[in-house]
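S.K.: Those protein sequences? They're chains A and B, same order as listed.
Here this note's numbering is used: the first sequence runs in plain steps of one and ends on residue 116.
Here this note's numbering is used: the second sequence runs in plain steps of one and ends on residue 119.
A couple of the hints might just be wrong.
[As the list claims (entries may be wrong)] Here are the simulated lysine-lysine pairs, PhoX-like style, with alpha carbons at most 20 Å apart:
id: 1; chain 1: A; residue 1: LYS60; chain 2: B; residue 2: LYS58
id: 2; chain 1: A; residue 1: LYS58; chain 2: A; residue 2: LYS115
id: 3; chain 1: A; residue 1: LYS75; chain 2: A; residue 2: LYS58
id: 4; chain 1: B; residue 1: LYS107; chain 2: A; residue 2: LYS58
id: 5; chain 1: A; residue 1: LYS9; chain 2: A; residue 2: LYS115
id: 6; chain 1: A; residue 1: LYS58; chain 2: A; residue 2: LYS72
[Unchecked claim] What follows is a list of derived Cβ distance ranges for each label pair:
id: 7; chain 1: A; residue 1: TYR43; chain 2: B; residue 2: GLN55; range: 27 to 33 Å
id: 8; chain 1: A; residue 1: ASN71; chain 2: B; residue 2: THR21; range: 41 to 47 Å
id: 9; chain 1: A; residue 1: HIS76; chain 2: B; residue 2: GLN115; range: 42 to 48 Å
id: 10; chain 1: B; residue 1: LEU119; chain 2: A; residue 2: GLN85; range: 22 to 28 Å
id: 11; chain 1: A; residue 1: ILE113; chain 2: B; residue 2: THR21; range: 35 to 41 Å
id: 12; chain 1: A; residue 1: ILE57; chain 2: B; residue 2: GLN85; range: 30 to 36 Å
id: 13; chain 1: B; residue 1: PRO9; chain 2: A; residue 2: ILE113; range: 44 to 50 Å
id: 14; chain 1: A; residue 1: GLU46; chain 2: B; residue 2: SER117; range: 31 to 37 Å
id: 15; chain 1: B; residue 1: SER63; chain 2: A; residue 2: SER16; range: 17 to 23 Å
id: 16; chain 1: B; residue 1: LYS72; chain 2: A; residue 2: LYS9; range: 38 to 44 Å
None of these hints come from the bench; they were simulated from the model.
Note that beta-carbon positions come from the ideal geometry of N, C-alpha and C, so glycine has one too.
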Amino acid sequence: DQQVKQNSPSLSVQEGRISILNCDYTNSMFDYFLWYKKYPAEGPTFLISISSIKDKNEDGRFTVFLNKSAKHLSLHIVPSQPGDSAVYFCAASWDSNYQLIWGAGTKLIIKP
Amino acid sequence: DTGVSQNPRHKITKRGQNVTFRCDPISEHNRLYWYRQTLGQGPEFLTYFQNEAQLEKSRLLSDRFSAERPKGSFSTLEIQRTEQGDSAMYLCASSLALTRQAINEKLFFGSGTQLSVL
Numbered sequence: 005d006q007q008v009k010q011n012s013p014s015l016s017v018q019e020g021r022i023s024i025l026n027c028d029y030t031n032s033m034f035d036y037f038l039w040y041k042k043y044p045a046e047g048p049t050f051l052i053s054i055s056s057i058k059d060k061n062e063d064g065r066f067t068v069f070l071n072k073s074a075k076h077l078s079l080h081i082v083p084s085q086p087g088d089s090a091v092y093f094c095a096a097s098w099d100s101n102y103q104l105i106w107g108a109g110t111k112l113i114i115k116p
Numbered sequence: 002d003t004g005v006s007q008n009p010r011h012k013i014t015k016r017g018q019n020v021t022f023r024c025d026p027i028s029e030h031n032r033l034y035w036y037r038q039t040l041g042q043g044p045e046f047l048t049y050f051q052n053e054a055q056l057e058k059s060r061l062l063s064d065r066f067s068a069e070r071p072k073g074s075f076s077t078l079e080i081q082r083t084e085q086g087d088s089a090m091y092l093c094a095s096s097l098a099l100t101r102q103a104i105n106e107k108l109f110f111g112s113g114t115q116l117s118v119l
C-alpha cells in the first residue's frame with residue numbers, strides 16, 4: 005500500500021520554463037513533507053520542506069504547495085535549468101514517527 | 002566537513018554469505034538512519050539511532066539484519082545469510098536534531114552501498 009505516490013515516472017521540460025512535480029498521499033496523519041533531489045550515483049539531497057500548518061513554502065527558484073483537503077503537494081521550479089535534471093522524491097512524516105515515507109520518484113529532464 | 006561516508010561503494014556476494022556495511026555520519030550529527038532503495042522505488046526505512054541507542058526498527062526488517070552504533074559515531078549494518086532479494090542500494094543518512102521532536106530536520110545522505118547477491 006503506497007502511502008505516498010508520484011504518478012509521473014518522468015517529466016521533460018524546456019530550459020527556462022516551469023517544472024511542476026506532483027505528489028499525492030493517502031495518510032491524513034502526515035504533517036510534514038519534504039522534497040529531495042537525487043543525481044545518479046549519489047544519495048538524495050534535501051531540497052525543500054513544508055509543514056501541514058502552511059500551504060506554501062518558497063526557497064529561491066523552488067516553491068512547494070500543499071493542498072491538505074486534496075492530499076496533494078507539488079514542487080514548482082522556475083525557471084528550470086539543466087542542472088535541475090535529476091530524480092525528485094517526495095517524502096512525508098508524522099508526529100512521533102522517525103521514519104520518512106517516500107514516493108517512487110519522478111525523473112526530471114531539462115531540455116536545452 | 003566530509004559529509005556522510007559509506008563503505009564499500011559496491012559489494013558483490015554469494016547467496017548465504019554475511020556482509021557488513023559501514024557508515025560514518027557528519028561528526029556532530031546525533032541521529033543516524035539506514036534506508037534501502039531498489040530500482041524504481043523510493044528509499045525504504047530500515048532503522049534509526051539517536052546517539053548510540055537504536056530507537057526504531059522497521060517491522061519489515063528481517064531478523065537477518067542487524068545494525069549498531071556503538072559509540073554514537075559510526076554505524077554498521079550487517080546482513081546475515083544474504084538472499085537475492087537483499088540486492089539493493091543501502092543508504093545511510095545523518096541529521097542534527099536539537100529537540101526531541103520526531104523527524105522534521107533535513108537528512109544528509111551518503112552515496113550508498115550497492116549490494117548484489119548472486
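S.K.: 41 to 47 Å was suggested as the range; check whether the CB atoms of ASN71(A) and THR21(B) agree with it.
M.R.: holds (44 Å)
S.K.: So if I understand the rule, the pair passes when the alpha-carbon distance is 20 Å or less; does LYS75(A) with LYS58(A) pass?
M.R.: Status holds; Cα separation ~13 Å.
S.K.: Hinted pair, alpha-carbon criterion (20 Å max): LYS9(A), LYS115(A). Please report holds or violated.
M.R.: The given pair, whose Cα atoms are some 25 Å apart, is violated under the 20 Å limit.
S.K.: So if I understand the rule, the pair passes when the alpha-carbon distance is 20 Å or less; does LYS58(A) with LYS72(A) pass?
M.R.: With a Cα-Cα distance of about 9 Å, the restraint between LYS58(A) and LYS72(A) holds, given a limit of 20 Å.
S.K.: Lying within 44 to 50 Å: is that true of the beta-carbon distance PRO9(B) to ILE113(A)?
M.R.: violated (31 Å)
S.K.: Checking one constraint from the list: CA of LYS60(A) to CA of LYS58(B), max 20 Å. Satisfied?
M.R.: violated (32 Å)
S.K.: Does the Cβ distance between TYR43(A) and GLN55(B) fall inside 27 to 33 Å?
M.R.: holds (30 Å)
S.K.: Holds or violated: LYS107(B) and LYS58(A), Cα atoms, limit 20 Å.
M.R.: Between LYS107(B) and LYS58(A) the Cα gap is close to 18 Å, so the pair holds against 20 Å.
S.K.: How does the Cβ-Cβ distance of LEU119(B) and GLN85(A) compare with 22 to 28 Å: does it lie in that range?
M.R.: violated (41 Å)
S.K.: A range of 17 to 23 Å was offered for this pair. Does it hold for the Cβ distance of SER63(B) and SER16(A)?
M.R.: Distance hint for SER63(B), SER16(A) is violated at roughly 39 Å.
S.K.: Falls inside 35 to 41 Å, the C-beta gap from ILE113(A) to THR21(B)?
M.R.: Check passed, 37 Å falls within 35 to 41 Å.
S.K.: Can you let me know if the beta-carbon spacing of ILE57(A) and GLN85(B) is within 30 to 36 Å?
M.R.: violated (45 Å)
Comparing the model with each numbered hint stated earlier shows that hints 1, 2, 5, 9, 10, 12, 13, 14 and 15 do not hold.
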